Amino acid sequence: MNLVVLMRMVPDVVEELEIASDQKSLDPEALRLIVSESDDHALEEALLLKERCGGGVTVVAPEAPEVADLLYTAAAKGADRVIQLRGIEPGLGVAAMAEACAAALSAIPGLLPADLVLTGTQSIEDLDGLVAPLVARRLGWPYLGVVTGVSDVSNGTVTVIKEFQAGYRGEFQVSLPAVLGVQAAEKPPRYVPVAKVRAAMKATRIEEFEAPQPVPEPLQDVAIVALAKPEAAGHAEMLEGSVEDVAGKLCELLAERGLL
Amino acid sequence: MAGNIWVVADQWQGRLTDITFEALALGREVADALQVPLEAVLLGNGCASLAEELGCADTVICAEHPALAEPVPETHARAVAELAQQRQPRAILIPATNTNWGANTLLAALLDVPGVNFAVDLKAVDGALEARCVLYGGKIEVRVQPRKEPAVIGLWPGARPADQGRSQRKPSVEQASVSLAAEPKVRLKRYIEPEAGEVDLTRQDILVAVGRGIQSKDNLELAEELAQVLGGEICGSRPVVDQGWLPLSRQIGKSGLTVKPKLYLALGISGAPEHVEGMKDSALIVAVNTDPHAPIFNIAHYGVVADALELAPALTEAVRARKG
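Line by line, the protein sequences are chains A and B. Take any residue in the first sequence, count from 1 to its spot, add 7: that is its number in the working numbering. Take any residue in the second sequence, count from 1 to its spot, add 11: that is its number in the working numbering.
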């Protein structure tokens, strides 16, 4: 199978997020970027498919700080080709980025026709759309999201497992080529030791490709009024002290409520 | 009629979901502020009887087609797009559930209009529509104004109480027809029942929930020990299940279970909206997280800024000592 995985870097929300002085974006100086979590699962699902069905995996990622680490790590995990897309502005909102990525997929030599384009089902900054359906729409391919498994590739179709709710899932038949938004791979994303990533850095060439012009302006269809930290309707009563002190206070609380 | 506010009804297993009524409650407010009718869009095949539950809307636009019997987001997006092109609503509110995940994005793309995701509120501000969206795992809110209409608003659970969108009033029902592909490229083959868990977590009084802060599978035993001494069960958030540390049958949140125990002890859970959706109605929520700004503290009753790996064994010992 010819598999393309779209991946990107997003802010690490474990770090404190600072709003820029214009109140309309995050302060890029204060951001630490990491691989979007469900994109990592999309890569894992593609690698599992390659192991089962053969073929190749190409990872495409828009340029961003640390994106080279993402691409070298993908190569160390088993991606055959890694491509950095230049000229796409990272940040809030994805519709323009998805449009530019879809245009690039068609323009990068040797990438299409592909059987599947896989990407994360959502990211933490998908303000104006989701990447998978936008790319599907641009390519004119079918789309399915919240995917947790892909199998039985035959006769131009693939069997896809999608999550619904309350533990229910659905088994779908999807015509190829298609775009899938992956929620979780069938196995947790594989770990690669640093030594293997270093070896990939020596053995792998990151291809660089300029996004086809004109690259759409981000957020051209929605005007940002302001970003803010959420004002909570309520807030927990915070218990302070050493862990032993807090454990004691919690015991009292639970006992008062008849929970011990 | 052009300029109306639409709510697309979400269904699961033949029933309207709570988020449909939440969306109707919000849509009612927006429609009243703009002095336009609120219309509910009901899609399916043999679903017309559900229309009478949508009395919060002035009118129900009911479109039935064999292809709409299957929960395929693309098919539903195409049907709404066809109706919207004919009737030109001002805004289309679509509940963002796994069942129709991506339908709002596809609909916006089909209509070449703005899509807005993860909205928890929508208002008319000086005649313009303004949505409030929750991003970055619940840590940042963004207020946005769509520049073109109809604005397609993907609505997150909890925008309004569901009961506010229920009404005994009988809405007028208008049958509409849509033309859809006879051979869709995405077909549902079968539903897969939930994996049977060894216990029914929805019936437990005490749940000890673990999140990314538990750091590794080896540390699960700290939470298991605490759950055991409290007489409860262990469960977890999405990342813990995706890592394979807990089975899907123990996942709380959007794709998993909704629980309302007497005690929900959240260890190392940040409180992303997807998780909160499944536990926010617990009687007592105690959250432990190293991040003092973690959104979980906004819904917890009691909070502790601490490493769950240190607090869990301390609490286990304290409970043991108290129980003797």
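A hint or two may mislead.
Only pairs whose alpha carbons sit at most 20 Å apart, straight line, appear in this in silico DMTMM-like list of lysine to aspartate or glutamate [stated by the list, open to error]:
(1) A:LYS256 <-> B:GLU285
(2) A:LYS236 <-> B:GLU285
(3) B:LYS291 <-> A:GLU238
(4) A:LYS209 <-> A:ASP87
Derived by calculation from the structure, the hints in this document are not laboratory data. Bear in mind the structure is a predicted one, so any value in this text is a computation, not a measurement.
Do the hints match the structure? See the list:
At roughly 30 Å between alpha-carbon atoms, LYS256 of chain A and GLU285 of chain B are farther apart than 20 Å, so this suggested pair is violated. Proximity of LYS236 of chain A to GLU285 of chain B is assessed by CA-CA distance (about 18 Å); at most 20 Å being required, the pair is judged to hold. For the proposed pair LYS291 of chain B and GLU238 of chain A, the alpha carbon gap of about 17 Å is at most 20 Å, so the pair holds. The suggested pairing of LYS209 of chain A with ASP87 of chain A holds, with an alpha-carbon distance near 14 Å, which does not exceed 20 Å.
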